[in-house]
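Residue-level listing of the chains:
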Amino acid sequence: MSLLKVEGLSKHYQGKHGLFDRLTGARHTVVRAVNEIDLTVEKGEILGLIGESGCGKSTLGRAILRLHEPTSGTVNFDGANVTTLDPAALKAMRRRMQIIFQDPYACLNPRRTVAEIVGLPLKLHGLAANEAEQREKVAAICARVGLKPGQIDRYPHQFSGGQRQRIGIARALISHPEFIVCDEPVSALDVSIQAQIIALLLELKREMGLTYLFISHDISVIGYLADRVAVMYMGQIVEMGPVEQILANPRHPYTQSLMSAVPEVDHSGPRKRIKLSGDLPSPLRPPTGCKFHTRCPLAVDACRSQQPDIETVGPGHTAACHRLAEKLTLLDEASA
Amino acid sequence: MSLAAETPAASETILRRNLATFSGNRLAMLCALIVVLFVVMAVFAPWIAPHDPNETDLFRRLQPPGWMAGGEWSYFLGCDALGRDILSRIVYGARISIFIGIAVILVATTIGILAGLAAGYLRGWVDMVISRIVDILLGFPYLIFAIGLMAMMGPGLWNIIFALAYKEWVIPARVVRGETLVTRELEYVEAARALGASRGHIMLREILPNVLSPVIVVATIRMAHVIILEASLSFLGLGVQPPTASWGSMVSDGRAFILEAWWVSTFPGLAILFLVLAINVASQGLRDAFDPRFSE
Amino acid sequence: MKDALLEVRDLRTVFETRAGRVCAVDGVSVAVRRGECLGIVGESGSGKSVTFASVMGLVKAPGRIESGTIVFDGRDLRGLSPRQMRAVRGRDMAMTMQDALTALNPALSVGEQIAEVLEAHDETLPTRGAARRAAIRKASVEMLGLVGIPSAETRLRQYPHEFSGGMRQRIMIAIALACRPKLLIADEPTTALDVTIQAQVLELISDIRKEFGMSVALITHDLGVVAEHCDRVMVMYAGQVVEEGLTAEVIGAPKHPYTQGLLASIPRPALRGEPIHPIEGQVPDLIDLEPQCRFYSRCSQRRERCLAPIEMRAIGPAHNARCILAGEEET
Numbered sequence: 001m002s003l004l005k006v007e008g009l010s011k012h013y014q015g016k017h018g019l020f021d022r023l024t025g026a027r028h029t030v031v032r033a034v035n036e037i038d039l040t041v042e043k044g045e046i047l048g049l050i051g052e053s054g055c056g057k058s059t060l061g062r063a064i065l066r067l068h069e070p071t072s073g074t075v076n077f078d079g080a081n082v083t084t085l086d087p088a089a090l091k092a093m094r095r096r097m098q099i100i101f102q103d104p105y106a107c108l109n110p111r112r113t114v115a116e117i118v119g120l121p122l123k124l125h126g127l128a129a130n131e132a133e134q135r136e137k138v139a140a141i142c143a144r145v146g147l148k149p150g151q152i153d154r155y156p157h158q159f160s161g162g163q164r165q166r167i168g169i170a171r172a173l174i175s176h177p178e179f180i181v182c183d184e185p186v187s188a189l190d191v192s193i194q195a196q197i198i199a200l201l202l203e204l205k206r207e208m209g210l211t212y213l214f215i216s217h218d219i220s221v222i223g224y225l226a227d228r229v230a231v232m233y234m235g236q237i238v239e240m241g242p243v244e245q246i247l248a249n250p251r252h253p254y255t256q257s258l259m260s261a262v263p264e265v266d267h268s269g270p271r272k273r274i275k276l277s278g279d280l281p282s283p284l285r286p287p288t289g290c291k292f293h294t295r296c297p298l299a300v301d302a303c304r305s306q307q308p309d310i311e312t313v314g315p316g317h318t319a320a321c322h323r324l325a326e327k328l329t330l331l332d333e334a335s336a
Numbered sequence: 001m002s003l004a005a006e007t008p009a010a011s012e013t014i015l016r017r018n019l020a021t022f023s024g025n026r027l028a029m030l031c032a033l034i035v036v037l038f039v040v041m042a043v044f045a046p047w048i049a050p051h052d053p054n055e056t057d058l059f060r061r062l063q064p065p066g067w068m069a070g071g072e073w074s075y076f077l078g079c080d081a082l083g084r085d086i087l088s089r090i091v092y093g094a095r096i097s098i099f100i101g102i103a104v105i106l107v108a109t110t111i112g113i114l115a116g117l118a119a120g121y122l123r124g125w126v127d128m129v130i131s132r133i134v135d136i137l138l139g140f141p142y143l144i145f146a147i148g149l150m151a152m153m154g155p156g157l158w159n160i161i162f163a164l165a166y167k168e169w170v171i172p173a174r175v176v177r178g179e180t181l182v183t184r185e186l187e188y189v190e191a192a193r194a195l196g197a198s199r200g201h202i203m204l205r206e207i208l209p210n211v212l213s214p215v216i217v218v219a220t221i222r223m224a225h226v227i228i229l230e231a232s233l234s235f236l237g238l239g240v241q242p243p244t245a246s247w248g249s250m251v252s253d254g255r256a257f258i259l260e261a262w263w264v265s266t267f268p269g270l271a272i273l274f275l276v277l278a279i280n281v282a283s284q285g286l287r288d289a290f291d292p293r294f295s296e
Numbered sequence: 001m002k003d004a005l006l007e008v009r010d011l012r013t014v015f016e017t018r019a020g021r022v023c024a025v026d027g028v029s030v031a032v033r034r035g036e037c038l039g040i041v042g043e044s045g046s047g048k049s050v051t052f053a054s055v056m057g058l059v060k061a062p063g064r065i066e067s068g069t070i071v072f073d074g075r076d077l078r079g080l081s082p083r084q085m086r087a088v089r090g091r092d093m094a095m096t097m098q099d100a101l102t103a104l105n106p107a108l109s110v111g112e113q114i115a116e117v118l119e120a121h122d123e124t125l126p127t128r129g130a131a132r133r134a135a136i137r138k139a140s141v142e143m144l145g146l147v148g149i150p151s152a153e154t155r156l157r158q159y160p161h162e163f164s165g166g167m168r169q170r171i172m173i174a175i176a177l178a179c180r181p182k183l184l185i186a187d188e189p190t191t192a193l194d195v196t197i198q199a200q201v202l203e204l205i206s207d208i209r210k211e212f213g214m215s216v217a218l219i220t221h222d223l224g225v226v227a228e229h230c231d232r233v234m235v236m237y238a239g240q241v242v243e244e245g246l247t248a249e250v251i252g253a254p255k256h257p258y259t260q261g262l263l264a265s266i267p268r269p270a271l272r273g274e275p276i277h278p279i280e281g282q283v284p285d286l287i288d289l290e291p292q293c294r295f296y297s298r299c300s301q302r303r304e305r306c307l308a309p310i311e312m313r314a315i316g317p318a319h320n321a322r323c324i325l326a327g328e329e330e331t
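Chains as they are written, first to last, in the working numbering: chain A, 1 to 336; chain B, 1 to 296; chain C, 1 to 331.
Accuracy of the hints is not assured; some may be wrong.
With beta-carbon atoms standing in for the labels, derived distance ranges [what the hints assert, rightly or not]:
#1 A/His-125 to C/His-161: 42 to 48 Å
#2 B/Gly-24 to C/Asp-288: 21 to 27 Å
#3 A/His-12 to C/Leu-246: 49 to 55 Å
#4 C/Asp-99 to A/Lys-275: 21 to 27 Å
#5 A/Met-208 to B/Gly-178: 37 to 43 Å
#6 C/Asp-99 to B/Phe-145: 58 to 64 Å
#7 A/Lys-275 to B/Gly-124: 43 to 49 Å
#8 A/Thr-29 to C/His-161: 16 to 22 Å
#9 A/Lys-275 to C/Leu-246: 37 to 43 Å
#10 C/Glu-211 to A/Pro-281: 45 to 51 Å
#11 A/His-176 to C/Ser-109: 53 to 59 Å
Output of the computed footprint for chain A on chain B, the stretches with three or more beta carbons under 8 Å from beta carbons of chain A [claimed, not checked]:
#12 156-165
#13 189-202
Simulated from the structure, these hints should not be mistaken for lab results.
From the three backbone atoms N, C-alpha and C, an ideal C-beta is built for every residue, glycine too.
Pulled out of the complex, with its shape left as it was, chain A reads as follows:
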C-alpha cells in the first residue's frame, strides 16, 4: 500500500467579494490553485513535483499537510484520512508529516535561539522528559545536520543561508517523521551550498528511511534525485511517471518545452529549443479546454474546447494531452 494517496484534491481560493460586487452582480472569482489532483507516494521514494511559479505546486504540498485546508478531495496517509482528522488527531499526525521550506530567512523565528526553534516539536509533542533531555536531543540532531555544538544558543541572523536551511531541516526531523514535503529547499541557495543540502537530504533519507515529496522548479535537481516525477501546470498534473521515462521520453508538450528550456553546462553553444509563445495565463481567467493550449505549438481545436483525460502512456507513466496518440514531439515539429 502507498504511504500517501491523494485523490481528487482541490484547493480553490475565493476572490474578494465586496458589497459593490454584490450590488453590481459580479460573479465570484475563484482561483483553482490546485484542481482535482490524484497522486500516490510509495514508502521510501522521492516524488519530484515540478512546475513554474504559480502552477500550484507549493499549494499542493501545503494542502496535503492541511496547512492550507483543502477545498475537496482526500489525503490518505498510512491508512488514515488526513482531511477528516479532528484537531487532536491532526496534531499527532503532524509529528509524522513534516515540511522543509524554501526561504531560509523567513522560515526561522528571528527572536528564538536555534535550541528553541529545533526543540519546539519536542515540547509540543511531549517527546522529551525534561529540559536536559530536550537539549541533548537538539544537540544531537543539530550535529547530524552539520551545525557545530557551540552554535545552538545563537539566533538565526547569525547564520548563513545554507546553515539556516540546516536548522530548518533539523527542526523538521527531530520528531522522527516518516514523510516530508520539501518545498523548494535549495532554490534560494548558492550552487555550492545547494549541493551540500541536496547531499544532506539524500543521506538523511537513507539513514532515517524517509519519504519525500520534493517540490522544485529545477529539472536538473529533480532529474538528479527523484524516483518519479509529476509535472504541474496551472493547478493540474499534466504528466507523471518514472524519472527515466520523463527525461528520455517526455510525452506532454509542456514537459518537452520545459526540458528543452533548461540551460545545461554539458551543452555549449545554442541548441534546438522549443519556443513557447507568451506567458502563463492569468489564474483568474484560466483557458478553457486544455490549460496549456494558449502556449502550445501543437494545439488543435479539440484542445481549446475539451479538457484532455489522463491516459496511460507507458508503465507507470501517464499524461493528459489530446495529441498523445500521434506520438509527436515538439522537437520534430520544430525541425520539420
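Guided by the hints, dock chains B and C onto chain A, whose structure is given.
Frame of chain A, contents of chains B and C only:
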C-alpha cells in the same frame, strides 16, 4: 547580495543591537535622560518639593519668581493666586501627568495587543468585529470623545484613565493587526503550525515577539499625546479635582492673571512642553533603532 | 588587451561597515571586447555585481572605489565628473537589474520611463515641441517591438504592475537599450524568471547583441546559462577573479579547484545515483582577509604553498587561473 558579515559575536541579540543603536543617538539619549529626571521628580516629589504644594498663604498671593523684584529665592518660581508654591506644585503635578500617561498606555497597549493579534491572526468574524469597532472609535474626535465620557462619569483620576484608554487602545490594535497580517504569512509561522502548535502558542510565542518593536515605539509616542490630553482635560476642569496639583489645571488657574502674573500659567506650561518634547524626541530615537524601516 | 571596449584594472571596492572593512572587490581586472558576451559567474558575495556597479559609478555609501582604473571606449571613467558620468551611463553603457519589479518605477507608465532615457541622452531628437514628442514616441514603440512586446502602442501607457515578470524584464532591457549603448551589463537578468521565460529573455539579449554589435556583460550564478550564451567567462570568488578564459575551455577543462567544484556541484540527471560532490564549508568572511588563497579553507587540494598570496597565471593562450596547481599535472 550580502556584503556585511553575517556572523556577529555570539552574544549579540536583536534587542542588544537595537539598544546599541539607540545609545549611539546622543540627542535621543539626552531626551531620554530628561524623561528619566521627570520620572525621578514625580517619584520622589515629597523629598524634592521645597514646600507643601497645597499649603495656601494669602500673604504670598501671586508672588513673583525669586529673581524678580518682590520675589523670594525659597519660592523660586513664585506663587499662585492662593499663595501656593508653583515649583512644588509642578513637582507634584508631574506625578499626575506621568502616572496617567503610563497607566493609560499600559492599559491601552495590553488591550490593543490582544485585539490586534486576534484580529490579524484569526481573521474572519473576529477581525470584522474588532476592525469595525476600531473604525467607529477612530471616527470620533479624541478630545470631544474624552470630554463626553468625563462629563458622563464625572471627574476623578481613574475616570480620566478610563476615558483616555477607551479610545487609545485602537492605535496599538491597528499597529499590531497590520504587523500580524504580515507576520502570519511568514514561513516560520507556517512551520509552527506544521509542527502542531496551537493558535495561542502561535499568537503569543511566535508572532507577538516579532511585532513588539513597533508597539513599543508607538506606545512611547502616544504617551506624549496622552499627557497632553490629560492636561487638556484638567485645563477644562474635567481632570483631577482641586486641590490636587495638575499641570493642566495650573495653566487654567493662571489664565485670569496672565498679564499681571504670567508665571502662574507659564511654568506649568513649560513643564508640559519639555516633558512632551523629550518623550517625542526619545521615541523617535527608539523608532530609528527598533524599526529601521521608518528611518532614512 | 586590444579591441577591448571596457578595461578594468586592479579594481578595489571597499565597504566600511560597523563590523569592519569589507573588501568586496579586491584587485579585479576584467576586459570586455567589442561585440562579445562575457559571462561573470560567482556565488553571492563573490563581488560580481559590485564590480559592475563600480564600473557604472553606482556604488552606494558606505562603499567606495579605493583604487584601480576603469577605461571605457578610450576614456578613463574614474576621472569623469558626476555630470560626465551621467552622460555615459544610459547612453554608452546601460545596466539591467535582477528584480525588474523594484527596478522599474511603479508610478510612471512604461512609455514615460523609456522617454526619460531618450530625453536625457538622445541628441538626434528634434529639440522641442510636437516633433520631439512624436520622435520619442516612435522610438519607444520601436524599442518595445524590439524586445518582443506585442501591441506596443497601447502597452506604452500601462504601468509596470500590469506586466508579467518576463515582460517586465523585457521592458527593463528596452529601457537599457533605448539609446543603443555599446555595453549592456545584465545583472542576473533571468534569476527571477521561470525556465521557459528565461530562455526567451536570454535569446532576446543574444539576438539584440548580434543586431547592434553590442557587448554584453552577463552576470549570473548559473553556469548553464554561461555555457550556452557567453563567448568568454570569468569566475569570481570572494572578491577576486579565480579563473577566466573561453567558455568552452573553462567549462570543458576547468583549472581552478573552485570552478571544478562548482561544476561538480550542479545536480544533473546524468549523475543519478552517484553521490554529489559539494564544496564543503562556506564563503569566507570578507572582513580582514588573510593574504592566502581565498579558497584555501574549502579546497580539497590545498597545500602549504597556498598560504602565500596567489597571483593569476596564464595557463593557455587565453586562459588564466589563480591557483598554484593550475597547468600542472592534476593530482
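Hints, one by one, checked against the model:
no. : hint                               : verdict
1   : A/His-125 to C/His-161: 42 to 48 Å : 44 Å, holds
2   : B/Gly-24 to C/Asp-288: 21 to 27 Å  : 23 Å, holds
3   : A/His-12 to C/Leu-246: 49 to 55 Å  : 53 Å, holds
4   : C/Asp-99 to A/Lys-275: 21 to 27 Å  : 25 Å, holds
5   : A/Met-208 to B/Gly-178: 37 to 43 Å : 41 Å, holds
6   : C/Asp-99 to B/Phe-145: 58 to 64 Å  : 46 Å, violated
7   : A/Lys-275 to B/Gly-124: 43 to 49 Å : 46 Å, holds
8   : A/Thr-29 to C/His-161: 16 to 22 Å  : 18 Å, holds
9   : A/Lys-275 to C/Leu-246: 37 to 43 Å : 28 Å, violated
10  : C/Glu-211 to A/Pro-281: 45 to 51 Å : 30 Å, violated
11  : A/His-176 to C/Ser-109: 53 to 59 Å : 56 Å, holds
12  : 156-165                            : violated (count 0)
13  : 189-202                            : holds (count 9)
Hint check: violations occur at hints 6, 9, 10 and 12; the rest are consistent with the structure.
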